[in-house]
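Visitor: Each chain, letter by letter, is given below.
Protein chains: 2
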Amino acid sequence: MNKLVVVKIGGNIIDDDEKLAAFLETFARIDGPKILVHGGGKLATRMAEDLGIRQEMVDGRRITDKDTLKIVTMVYAGTINKTIVSGLQAAGCAALGLTGADGNALLAHKRVSAGTDYGFVGDIDRVNTDLLQSLLHLGLTLVVAPITHDGHGQLLNTNADTIAQELATSLGRSYETSLVYSFEKAGVLLDAADDSTVIPRLTPASFRQLRETGAIYAGMLPKLQNAFIALDSGVRQVIIGKAESLSELIAGTAGTTLTHD
Amino acid sequence: MNKLVVVKIGGNIIDDDEKLAAFLETFARIDGPKILVHGGGKLATRMAEDLGIRQEMVDGRRITDKDTLKIVTMVYAGTINKTIVSGLQAAGCAALGLTGADGNALLAHKRVSAGTDYGFVGDIDRVNTDLLQSLLHLGLTLVVAPITHDGHGQLLNTNADTIAQELATSLGRSYETSLVYSFEKAGVLLDAADDSTVIPRLTPASFRQLRETGAIYAGMLPKLQNAFIALDSGVRQVIIGKAESLSELIAGTAGTTLTHD
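Protein chains in written order, with my numbering: chain V, 22 to 282; chain L, 22 to 282.
Source of the hints: derived by calculation from the structure; they are not laboratory data.
Errors might be hidden in some of the hints.
Remember, identical chains collapse to one label, so a pair may be satisfied in a single copy or spanning two.
Here are the simulated BS3-like cross-link-like pairs (lysine-lysine), alpha carbons at most 27 Å apart as the crow flies [as the list claims (entries may be wrong)]: (1) K40 x K263; (2) K87 x K40; (3) K87 x K63; (4) K131 x K87; (5) K131 x K40; (6) K63 x K263; (7) K63 x K206; (8) K131 x K244; (9) K40 x K63; (10) K24 x K63.
All values reported here derive from a predicted model rather than from experimental measurement.
Chain V with its partners taken away, still in its complex shape:
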């Protein structure tokens, strides 16, 4: 099976021009088929402020009302996606930007959640793996913005971590897939405040052990649980670490690598 790398980059890299350029240089050099999923960063929040649009938050989640959807569509699919695509092209990488609406790549439905209306937030129903494979076969590197659609003309805001996971698991049937979550920490840490306490490897068994002893800090647990679900769903390995160390993460010399055994 061919290898595929799915990398998710978060806001801290996107908000920093120099770091982003360095990251894209490294990402462009990854051999073979690859997909980059980007989050939004602070740009959408800043844009909402500049336009005088109030951001409503419930339980730490942004409510995507009509105005907020307009902003995230502009900023994620416009500014950020095209900045990354043109940056990758400059680094010699044949990048093509996508939202879930493009080629019906990610079909979703508006979240229905008892009690809370999150607005125009989409939960993914279907990944169009045929299309994505065809595009990858053309030698294209896909750059995916965290916007999906419902197939009836409604765009929806969707979490970038979730998109990366859905892409990796769906394509995991056709590729030996590595899913890389890059974030601000060096990996899964024993001490949240100390980057030198990275756990280099985790399996379901060692994770269970560490969790029982309370050695892994609580903020990390949901991300890890999702990562193990991805492993159970056909992803070969999940790698968690700093975006600045992307090549080391992929080589397995930095960050935390989660595997089945």
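Given the coordinates of chain V, assemble chain L onto it according to the supplied hints.
Guide: Same frame as chain V, now just chain L:
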């Protein structure tokens, strides 16, 4: 040779939700490979106003400074492109949005013009016909935003009419291509104020004649000259008329059709 239709829609349709939805329904029903190139409409100007960014104009052309480039990228590649793509998907059309940076579809250089600095405006150097044909072969309908790039990471603002013409002429070597310019008038008119004076057919010879007698109003001449250049460069026919009459334009029962003879 397979047929290809390249349609350019202007701002008046984009600014009107109902008209746009009706247009997309009709466009979705066009058989075979097709490309939709969209302009910007008033949304970018309104967004600049909302953000307090002054738009500089020289000789009726907008100067694309750094802030303006940010806005047109957001609005054209984000809002408008994704609204159209999701609308076409809803109408059963497998649409995929592109800027010139995506897949290096349209490589351009920053315009250098003695006397005037137009800012980040791109003149097209190369159309990536291989990529576009590959995407069309996948059954995708391409929706192109008027943004190009220079291959070195710089996005550029490029006229949508020009993009439509460049796409039609480049793909004219592989497809029997019709180029449709939709705008606010019913076609090329003998009396600019009277939509019933549409000239149904024009050839280079009849155009010369009408121009010599001053029968065609001056505002139409540059568009027509460009259209005849497109015909000379391998486009089979150019059709000019109202977006609301798209199916009649393509059937040849409305608007003005320009052919070689």
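Visitor: Taking 27 Å as the upper bound on the Cα-Cα distance, should K131 and K40 be classified as within, between, both, or neither?
Guide: For K131 and K40, only the inter-copy Cα distance (26 Å) is at most 27 Å; the intra-copy one is 34 Å.
Visitor: At 27 Å max between alpha carbons, let me know whether K131 reaches K244 within a copy, between copies, both or neither.
Guide: The answer is within: 23 Å in one copy meets 27 Å, while 44 Å across copies does not.
Visitor: What label fits K63 with K206 when the C-alpha limit is 27 Å: within, between, both, or neither?
Guide: within (18 Å within a copy, 43 Å between copies)
Visitor: My question is about K131 and K87: at a cut-off of 27 Å on alpha-carbon distance, are they close within one copy, between copies, both, or neither?
Guide: Within one copy only: 13 Å inside, 36 Å across.
Visitor: Quick one: K87 to K63, C-alpha cut-off 27 Å, is that within a copy, between copies, both, or neither?
Guide: both (19 Å within a copy, 19 Å between copies)
Visitor: Given identical chains, is K40 near K63, meaning Cα to Cα at most 27 Å, within a copy, between copies, both, or neither?
Guide: Only inside one copy: K40 and K63 sit 15 Å apart there, 35 Å across copies, limit 27 Å.
Visitor: Is the C-alpha distance from K63 to K263 at most 27 Å within one copy, between copies, in both cases, or in neither?
Guide: For K63 and K263, only the intra-copy Cα distance (18 Å) is at most 27 Å; the inter-copy one is 42 Å.
Visitor: Treating 27 Å as the Cα threshold, decide for K24 and K63: within, between, both or neither.
Guide: So K24 and K63 fail the 27 Å test inside a copy (33 Å) and across (45 Å) alike.
Visitor: Treating 27 Å as the Cα threshold, decide for K87 and K40: within, between, both or neither.
Guide: The answer is between: 21 Å across copies meets 27 Å, while 32 Å in one copy does not.
Visitor: Please work out whether the CA atoms of K40 and K263 approach to 27 Å or closer within one copy, between two copies, in both situations, or in neither?
Guide: within (11 Å within a copy, 47 Å between copies)
When held up to the earlier numbered hints, the structure conflicts with hint 10 and nothing else.
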